[in-house]
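S.K.: Next come the chains, spelled out residue by residue.
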Amino acid sequence: MSETLLDVQGLRVRFGGGTEAVRGVSLAVDRGETHCLVGESGCGKSVSALAVMTLLARGATRSAERMAFAGTDLLGLDERGMAKLRGNRMAMIFQEPMTSLNPAYTVGSQMAEVMRRHRGASRRAALDRAAALLGRVGITAPGMRLAQYPHQLSGGLRQRVMIAMALMCDPELLIADEPTTALDVTVQAQILRLLLELQRELGLAILLITHDLGIVARMAHRVSVMYAGQVVESAPAADLFAAPTHPYTRGLLDCVPAPGKVARGAQLGSIPGTVPRIPLGFTGCAFRDRCAQAMPECSGDIPAQTRIPGHRYLCRLPAGWPRDAAA
Amino acid sequence: MSGFPPLRRIAAGLGAVIVLGVAFAAIFAPLLVPHDPFLQDLNQRMVPPSWMEGGMPAHLFGTDQLGRDYLSRLIYGARISMLIGVMTVITSGLIGITLGVLGGFFGGRVDDVVMFAITCRLSIPLILVALSVVSLIGSSLTVVVFTLGLLLWDRFAVVARTTTMQVRTLDYVSAAWAAGCSRSYILLREVLPNIVHHLIVVATLEMALAILLEAALSFLGLGVPPPLPSWGLMISEAKDYMFFSPWVIMVPGIALFVLVLGINFLGDGLRDLLGATRDA
Numbered sequence: 001m002s003e004t005l006l007d008v009q010g011l012r013v014r015f016g017g018g019t020e021a022v023r024g025v026s027l028a029v030d031r032g033e034t035h036c037l038v039g040e041s042g043c044g045k046s047v048s049a050l051a052v053m054t055l056l057a058r059g060a061t062r063s064a065e066r067m068a069f070a071g072t073d074l075l076g077l078d079e080r081g082m083a084k085l086r087g088n089r090m091a092m093i094f095q096e097p098m099t100s101l102n103p104a105y106t107v108g109s110q111m112a113e114v115m116r117r118h119r120g121a122s123r124r125a126a127l128d129r130a131a132a133l134l135g136r137v138g139i140t141a142p143g144m145r146l147a148q149y150p151h152q153l154s155g156g157l158r159q160r161v162m163i164a165m166a167l168m169c170d171p172e173l174l175i176a177d178e179p180t181t182a183l184d185v186t187v188q189a190q191i192l193r194l195l196l197e198l199q200r201e202l203g204l205a206i207l208l209i210t211h212d213l214g215i216v217a218r219m220a221h222r223v224s225v226m227y228a229g230q231v232v233e234s235a236p237a238a239d240l241f242a243a244p245t246h247p248y249t250r251g252l253l254d255c256v257p258a259p260g261k262v263a264r265g266a267q268l269g270s271i272p273g274t275v276p277r278i279p280l281g282f283t284g285c286a287f288r289d290r291c292a293q294a295m296p297e298c299s300g301d302i303p304a305q306t307r308i309p310g311h312r313y314l315c316r317l318p319a320g321w322p323r324d325a326a327a
Numbered sequence: 001m002s003g004f005p006p007l008r009r010i011a012a013g014l015g016a017v018i019v020l021g022v023a024f025a026a027i028f029a030p031l032l033v034p035h036d037p038f039l040q041d042l043n044q045r046m047v048p049p050s051w052m053e054g055g056m057p058a059h060l061f062g063t064d065q066l067g068r069d070y071l072s073r074l075i076y077g078a079r080i081s082m083l084i085g086v087m088t089v090i091t092s093g094l095i096g097i098t099l100g101v102l103g104g105f106f107g108g109r110v111d112d113v114v115m116f117a118i119t120c121r122l123s124i125p126l127i128l129v130a131l132s133v134v135s136l137i138g139s140s141l142t143v144v145v146f147t148l149g150l151l152l153w154d155r156f157a158v159v160a161r162t163t164t165m166q167v168r169t170l171d172y173v174s175a176a177w178a179a180g181c182s183r184s185y186i187l188l189r190e191v192l193p194n195i196v197h198h199l200i201v202v203a204t205l206e207m208a209l210a211i212l213l214e215a216a217l218s219f220l221g222l223g224v225p226p227p228l229p230s231w232g233l234m235i236s237e238a239k240d241y242m243f244f245s246p247w248v249i250m251v252p253g254i255a256l257f258v259l260v261l262g263i264n265f266l267g268d269g270l271r272d273l274l275g276a277t278r279d280a
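Residue numbers (the numbering used here), protein chains in the order written: chain A, 1 to 327; chain B, 1 to 280.
Some hints could be false.
For the chain A half of the interface with chain B, some residues (derived, Cβ under 7 Å), not all of them [as the list claims (entries may be wrong)]:
id, residue
1, F15
2, L55
3, L56
4, L77
5, N88
6, E96
7, V114
8, R116
9, G120
Each pair of labels, with its calculated beta carbon distance range [as the list claims (entries may be wrong)]:
id, chain 1, residue 1, chain 2, residue 2, range
10, B, L131, A, L77, 11 to 21 Å
11, B, L274, A, S270, 42 to 52 Å
12, A, R277, B, L274, 39 to 49 Å
13, A, L196, B, Y185, 27 to 37 Å
14, A, A217, B, T119, 50 to 60 Å
15, A, R218, B, L274, 13 to 23 Å
16, B, T98, A, S270, 47 to 57 Å
17, B, Y185, A, A217, 50 to 60 Å
Far from chain B, by Cβ distances over 10 Å, these chain A residues were calculated [to be verified]:
id, residue
18, T4
19, G87
20, A91
21, M92
22, N102
23, D170
24, L202
25, P257
No wet-lab data here; the hints were simulated from the structure.
Built from N, CA and C at the ideal position, the CB exists for glycine as well.
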């Protein structure tokens with residue numbers, strides 16, 4: 001049942017000026033599964049997603065050992081072949097719904113364009129499908145909304161439009177780059193519920209990029225934690241929350257305030273320091289300067305370990321290291 | 001919407017009225033003129049405007065040194081000014097916008113070439129080149145339009161380039177790439193419509209500049225050839241008589257001033273209006 005849809009191995013992205021934003025990321029997204037990519041700002045989550053879509057800005061170079069989508073090798077694909085996949089079999093939703101729609105066109109014409117482009121559908125048919133999808137994502141009076149311009153819609157509505165637009169061609173993979181970060185909490189909950197429903201109905205695979213562990217807990221089947229351009233821990237969601245193994249993952253989880261668990265007035269957890277800049281040729285663990293468990297060996301090669309099958313992490317510490325031993 | 005000060009709105013409205021009025025006069029000139037603007041009547045030379053002493057009701061703005069009706073010549077002159085303004089803006093706009101959008105969109109080597117072209121153009125002295133070209137090829141309406149068109153595209157290019165660079169990185173353009181749109185589609189349907197409001201403002205400025213330059217060229221005798229009634233040519237022909245008949249130089253001078261002012265008011269108004277709706 002769990003067939004791998006997107007398989008990325010050893011993805012590297014380098015920007016001009018000698019910074020490497022993504023350093024050997026491996027990801028696998030199965031059909032119908034939600035894979036969450038978590039990490040702080042600037043850790044390379046979005047860049048990894050853009051690299052998969054081949055949408056990196058000019059001046060960025062991408063390399064990978066393997067990058068395949070439903071059996072198609074993405075590395076060997078030219079721009080034309082990639083354009084055929086984008087919006088058609090793999091779609092993307094961006095963080096900022098207020099700016100992701102073109103202010104110069106009506107919602108309907110933007111949505112219809114996607115389907116006319118990929119499927120050669122008639123304008124009428126494309127608009128019918130757009131109306132049906134707007135209804136599906138919970139927009140009332142879709143006929144009226146189709147004729148409206150983006151500035152006439154609220155943020156929540158626009159994000160729904162973006163989701164509906166992404167679904168126009170029945171994609172197999174949906175990449176959502178912090179789809180709810182710009183929305184308020186009630187709308188955020190609605191959008192997440194919608195994504196879950198759509199996934200159940202359509203068998204979508206979702207690569208969800210977020211920094212919000214609350215969202216991860218609700219949505220993810222599988223989680224990959226990124227730090228400084230690397231996946232430091234990857235596990236099924238339940239496993240990750242039950243037995244976080246990498247010190248960074250544990251630190252992240254400690255940062256989430258749980259009502260009742262943290263005494264009123266007590267300090268919330270935090271990770272000391274900030275994400276370091278990683279120069280080219282950097283070796284060892286990028287987290288070592290902020291890690292309470294750091295050892296001299298941490299500046300050497302770091303082994304990838306397996307806690308249980310399917311739960312990998314990038315650290316010298318043994319699985320199940322005692323929480324407060326060294327602290 | 002009620003945000004911007006009433007004075008600016010009045011100015012914008014005034015500009016629109018002036019420009020539309022002159023455009024109307026230019027289009028319907030043959031129906032509006034009281035006399036044939038080319039008909040000379042040597043018995044009625046230098047008749048002052050009708051409200052001045054010695055004026056005649058038949059000639060509202062009087063007549064010129066050859067006895068031609070001044071109002072009729074002014075109305076036909078509006079044709080020349082508007083024609084020059086519009087045609088120059090179309091020519092220079094095509095050149096400038098194409099270069100600017102390509103440079104801003106593709107960047108790198110293409111942008112270097114565009115920037116070089118803009119720098120070259122900026123280092124060419126405008127009036128001097130216009131003068132020498134017109135004096136070499138000879139003056140006609142077409143020559144004036146193309147000379148000005150080939151010289152005035154720099155501002156279009158600069159504005160188109162920078163705005164394209166801004167729009168290119170916006171989310172909806174990324175979204176269009178992510179939706180699998182082609183490069184030409186993104187250029188023509190995503191980028192261009194979203195920089196057009198900047199370009200309209202540039203167009204009004206360039207139009208005013210072109211009209212003034214044509215007047216300057218005609219004044220120097222190198223613009224449109226007589227007997228075509230260009231406002232600059234009218235000023236030029238009148239300068240010998242200005243001490244005894246000051247109206248012959250004031251009427252076309254004021255007309256020129258009012259039209260250019262009106263175009264600039266309109267441009268400012270459009271900028272406020274388009275800016276306000278875009279940023280709302």
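S.K.: Look at each hint and say if it fits the structure.
M.R.: Checked hints:
1. F15: Interface hint status for A/F15: violated (15 Å vs cutoff 7 Å).
2. L55: Holds, about 5 Å.
3. L56: 11 Å, violated
4. L77: 12 Å, violated
5. N88: 6 Å, holds
6. E96: 5 Å, holds
7. V114: 5 Å, holds
8. R116: 11 Å, violated
9. G120: It is violated, given that the least Cβ distance between A/G120 and chain B is near 13 Å, above 7 Å.
10. B/L131 with A/L77: 11 to 21 Å: Violated, since B/L131 and A/L77 (Cβ atoms, about 57 Å apart) do not stay within the stated range.
11. B/L274 with A/S270: 42 to 52 Å: Given range 42 to 52 Å: holds, Cβ gap about 47 Å.
12. A/R277 with B/L274: 39 to 49 Å: For B/L274 against A/R277, whose Cβ atoms are near 42 Å apart, the range 39 to 49 Å holds.
13. A/L196 with B/Y185: 27 to 37 Å: Given range 27 to 37 Å: holds, Cβ gap about 33 Å.
14. A/A217 with B/T119: 50 to 60 Å: Roughly 57 Å apart at Cβ, these two residues keep to the hinted range, so it holds.
15. A/R218 with B/L274: 13 to 23 Å: 43 Å, violated
16. B/T98 with A/S270: 47 to 57 Å: About 54 Å separates the Cβ atoms of B/T98 and A/S270, which means 47 to 57 Å holds.
17. B/Y185 with A/A217: 50 to 60 Å: 40 Å, violated
18. T4: 22 Å, holds
19. G87: 3 Å, violated
20. A91: A/A91 is in fact no farther than 10 Å from some Cβ atom of chain B, at 7 Å.
21. M92: 4 Å, violated
22. N102: 4 Å, violated
23. D170: 14 Å, holds
24. L202: Correct as stated: the minimum Cβ-Cβ distance to chain B is 18 Å, above 10 Å.
25. P257: 31 Å, holds
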